[in-house]
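Colleague: Each chain is listed here by its residues.
2 protein chains.
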Amino acid sequence: MTQIQDFGFGTQIRKSPYFDATVRWGATGFSVYNHMYIPRDFGDPVQNFWNLINDAILCDVAVERQVEITGPDAARFVQMLTPRDLSKMAVGQCKYVLITNAQGGILNDPVLLRLAENHFWISLADSDILLWAQGVAVNSGMDVTIREPDVSPLQLQGPKSGAVMRALFGDAIMDLRYYWLRRVDLNGIPLIVSRTGWSSELGYELYLQDGSRGDALWERIMAAGAPLGLKAGHTSSIRRIEGAMLSYHADADIDTNPYELGLDRLVDLDIEADFIGKDALRRIKADGPARRQVGLVIDGAPLKGPNTTFWPVTRDGQVVGKVTSAIHSPRLDRNIALAMLSAGSAQMGAQVQVRTPDGTRSATIVERPFHDPKKTIAVA
Amino acid sequence: MTQIQDFGFGTQIRKSPYFDATVRWGATGFSVYNHMYIPRDFGDPVQNFWNLINDAILCDVAVERQVEITGPDAARFVQMLTPRDLSKMAVGQCKYVLITNAQGGILNDPVLLRLAENHFWISLADSDILLWAQGVAVNSGMDVTIREPDVSPLQLQGPKSGAVMRALFGDAIMDLRYYWLRRVDLNGIPLIVSRTGWSSELGYELYLQDGSRGDALWERIMAAGAPLGLKAGHTSSIRRIEGAMLSYHADADIDTNPYELGLDRLVDLDIEADFIGKDALRRIKADGPARRQVGLVIDGAPLKGPNTTFWPVTRDGQVVGKVTSAIHSPRLDRNIALAMLSAGSAQMGAQVQVRTPDGTRSATIVERPFHDPKKTIAVA
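Line by line, the protein sequences are chains A and B.
Under UniProt numbering, the first sequence has 295 at position 295, and the numbering climbs by one with no breaks.
Under UniProt numbering, the second sequence has 9 at position 9, and the numbering climbs by one with no breaks.
Any given hint might turn out to be false.
To be verified - In silico lysine-lysine, BS3-like type, Cα no more than 27 Å apart, as pairs:
no.: 1; chain 1: A; residue 1: Lys15; chain 2: B; residue 2: Lys95
no.: 2; chain 1: A; residue 1: Lys15; chain 2: B; residue 2: Lys322
no.: 3; chain 1: B; residue 1: Lys15; chain 2: A; residue 2: Lys304
What the hints assert, rightly or not - Examples of chain A residues toward chain B, derived with CB under 7 Å:
no.: 4; residue: His35
no.: 5; residue: Gly243
no.: 6; residue: Ser247
Calculated directly from the structure, the hints in this document are not laboratory data.
A virtual CB, placed ideally from N, CA and C, is assigned to each residue, including glycine.
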């Protein structure tokens, strides 16, 4: 976590166009993501969680860098990058996709935006897909242009985010559907907005297309939103683990395949296109994945914070996997976790042991997500 | 900078195998590089600089992740990745190279190690060249295996590093030449050592090949080295700017080409191999680069720390470029900087203005490096 009084390491890590605004609005700690600072602390992560689920928060997620793909072969090229069937993806639509390598390993889990027939943005988790895509293009024989445009997203998330959007853009914005995007303009600031986010709550992302206007955009949104309950905040680890949303590098990496995560719905082996990883994924599906992601409810006192190492999971004294993300949910009043276990150990309801730095705890394997507005929690 | 009492962000950022050891030995602040924490603060960066140039320091640079390339076509594939002529690179040799994209832009400036005829490591600066190389391989038709091995480097740098190496490995290690490597073993810990580093001082890198032995290796080196003057430390921004060594993302990025940096010696346009970027680099060379990196000596009081934004450089009121890295050198008692200027403005000896957050200062354009044991500083 970076202390704001002491950014001592030069220009090697980028600053977001909202950096100064977030410091003014109370950011006290930063992490690094896609070679850029991201505010991850506004004093109390539990209060930030309540702000998110009861009201609304504005989060600087400029670290979600965009990879822009244009050119006559853009649509064909983008389909090559992901196992998800894009043939019915409309202009104006967004899709959550996986980017896989030739071994079927996950390189990123971005949101894909289709801005025009042959104009896409890949809104990234934390890895240099710009390099991956440019590398794939080298010998592809396809006519595409791949670059990082001047685009810096904000997330506006929480039940009151709709009211804030209405205050900013008028009633017309209210018919923007889940995972669709629209071009808008806010006092001359050029934006794309989409109904997406990383919170499992009602929410929007606003993609600023001119970094020099970051401060103005942030202040304009807070001015309209604060009277409606909007707070400055940061993406909530509590809420995203409740919702079983992935954090790349933590819950998935280059050695993780979609089937291990139960993300079969994001792999369409029957499409004609030869996306990268197709043969490998076909083999993995036929054999069945060697590991499976599960939910865990961990016994004992509330965890003081998230796990900062991968905690071994054991059964009968044997290591059968690892906790990838763990946290205490104040809403559920339970310690919840995502874990990757050997497939043979991933039985719902089974008891396992988790080796935390403070001692071993019992845990129960449960379904994910832990909290879904449409479902009750999977444990009694 | 990450405060050690408060690693609050889960497992999304990796920890080095030396992490616990560096905390024990006084690391108080961390940055993030290649998705991994790197210690960058042991209390006083100026003292760390003196330790480096007068004695020796041991630095955790496990963030220098390795991309391993093996397979029957490995040598041919690696030559495709870099404009530097590798035809005379021997097994056991290292080379500082640039990785360029099809536009001639720099994606990384790693050290390349040749461990066997068809066995290479690319020891990375801060970008996911693993993804770039795997992407290039997809349609290359070459038989290569590209992965990140379990390898975690340390840097042992400074005038007394040779004595420490002798204490560890005996007299035989003293004939290891500059930019050559050797396989060694330290009490059963498997290592590659090379005479390389990021300090412009005498120095070595030790590539641990078993992450579980990180703590043991660190303690073994400190036990042998401390009586000889070795201190725990971190890569020194002061020394690397004195030596005009690049920091990727700060001094170079995907939109920077080798000619702008004066790194013509790393581009061999006349080799037969079609490395990526060859056509673009040929055009850039013919036209002349639009910008040139220069050294600056900045007037006024000692800078309090490195620049944390790119400072505009002006001449006659017009912006002609930017300061990419600036710092006060206590040895030279001058404020020194690397800057990227329009080619027409990059005249040695010319005066420019630098807009710092605390006001505008005058500066003089000078040759780099600022300090070279074989040269005197380029300014009077």
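Colleague: Hint by hint, note whether the structure agrees.
Modeller: Verification of the hints:
| no. | hint | in the structure |
| --- | --- | --- |
| 1 | Lys15/A with Lys95/B | violated, 32 Å |
| 2 | Lys15/A with Lys322/B | holds, 16 Å |
| 3 | Lys15/B with Lys304/A | holds, 20 Å |
| 4 | His35 | holds, 6 Å |
| 5 | Gly243 | violated, 15 Å |
| 6 | Ser247 | holds, 5 Å |
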